[in-house]
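Engineer: Sequence:
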Amino acid sequence: MWIKIAYACFVLNFAYGILAKTKVINTARFKVVHHIIYFCVIASLIIALLMEYMDGKFPVLLLITAALLLGMTQFSGKTRRHWQYALVCFFVYSAVLIYYL
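In terms of my numbering, the sequence shown opens at residue -19 and continues consecutively.
A few of these clues could be false.
Taking CB as the label site, the calculated pair distances span [to be verified]:
(1) R9 x Y79: 36 to 42 Å
(2) S74 x F38: 20 to 26 Å
(3) V(-9) x G36: 27 to 33 Å
(4) I27 x Q64: 25 to 31 Å
(5) H14 x G36: 32 to 38 Å
(6) A47 x K3: 26 to 32 Å
(7) K37 x I16: 28 to 34 Å
(8) K37 x W63: 28 to 34 Å
Hint data in this document are derived by calculation from the structure and do not stem from the laboratory.
Since this is a predicted model, take the numbers as computed values, not measurements.
Ideal Cβ placement from N, Cα and C applies to all residues, glycine included.
With these hints in hand, go ahead and build the complete structure from the sequences.
Structural biologist: Dropping the structure here:
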């Protein structure tokens, strides 16, 4: 369940980022929203990791996904690398979710 919540938050944040980058929405007053949603992604992914670990499993794929998402902080949102890295994260995260379903 938590992996689905984390993925839903990620997709919401991904869509928000695309809309902001293409200037469909004006984020001048709400730049913090993108960061709040990102925090929700990371928090729910950590909970999913803990739940898997408590079930006696070692969630390697979730650890890789978390590491990828934490790597996002290395790229400024104003650069091309930020959205390119987000796209890679989207594909990897989608594959991980399909595996867990």
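Engineer: Take the hints in turn and mark each one as holding or not.
Structural biologist: Comparing the hints with the structure gives:
1. R9 x Y79: 36 to 42 Å: 39 Å, holds
2. S74 x F38: 20 to 26 Å: 22 Å, holds
3. V(-9) x G36: 27 to 33 Å: 29 Å, holds
4. I27 x Q64: 25 to 31 Å: 28 Å, holds
5. H14 x G36: 32 to 38 Å: 36 Å, holds
6. A47 x K3: 26 to 32 Å: Taking Cβ atoms as reference, A47 and K3 lie about 31 Å apart, which means the hint holds.
7. K37 x I16: 28 to 34 Å: 30 Å, holds
8. K37 x W63: 28 to 34 Å: The hinted range 28 to 34 Å holds for K37 and W63, with Cβ atoms some 33 Å apart.
Violated hints: none; the structure is consistent with every hint.
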